[in-house]
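A.B. asks: Sequence:
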Amino acid sequence: GPAVVEGVPHIIFGHNNTSGDASPSPQDIRVTRELAEAAKLLGVELLDHVVIGRSETVSFKERGLID
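When we follow our numbering, the leftmost residue of the sequence shown carries the number 868, and every step to the right adds one.
Since the hints were derived computationally from the structure, they do not count as laboratory data. Hints are not guaranteed to be accurate.
To be verified - Beta-carbon label-pair distances, calculated as ranges:
no. : residue 1 : residue 2 : range
1   : Leu909    : Gly887    : 14 to 22 Å
2   : Ser886    : Leu908    : 28 to 36 Å
3   : Leu914    : Asp888    : 19 to 27 Å
Note that the structure is predicted; figures quoted are calculated from it, not measured. Just so you know, even glycine gets a beta-carbon here, dropped at the ideal spot from N, CA and C.
Please construct the entire structure, taking both the sequences and the accompanying hints into account.
C.D. replies: Right under this line is the structure:
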């Protein structure tokens, strides 16, 4: 992807849940950890994954869900 081609050292993922709930699902957690490992293999560090809900935003980093 562009992050690798451009030599970007860090990335942040973000998405919104269609339900409006910002709580990360078990699938969100699993996929984020898999993406973080894949990014690491490419020399890119995942800094955070932010889930945007109707009335709140949740940071995986702040919740301790990623290193």
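A.B. asks: Determine for every hint whether it applies to the structure shown.
C.D. replies: Against the structure, the hints:
Range check, leucine 909 to glycine 887: about 33 Å between beta-carbon atoms, so the 14 to 22 Å window is missed. Checked against the given bound of 28 to 36 Å, the beta carbons of serine 886 and leucine 908, roughly 32 Å apart, stay inside it. Remark: the range hint 19 to 27 Å for leucine 914 to aspartate 888 is upheld by a beta-carbon distance near 23 Å.
The structure fails to meet hint 1 from the earlier list, while all remaining hints are met.
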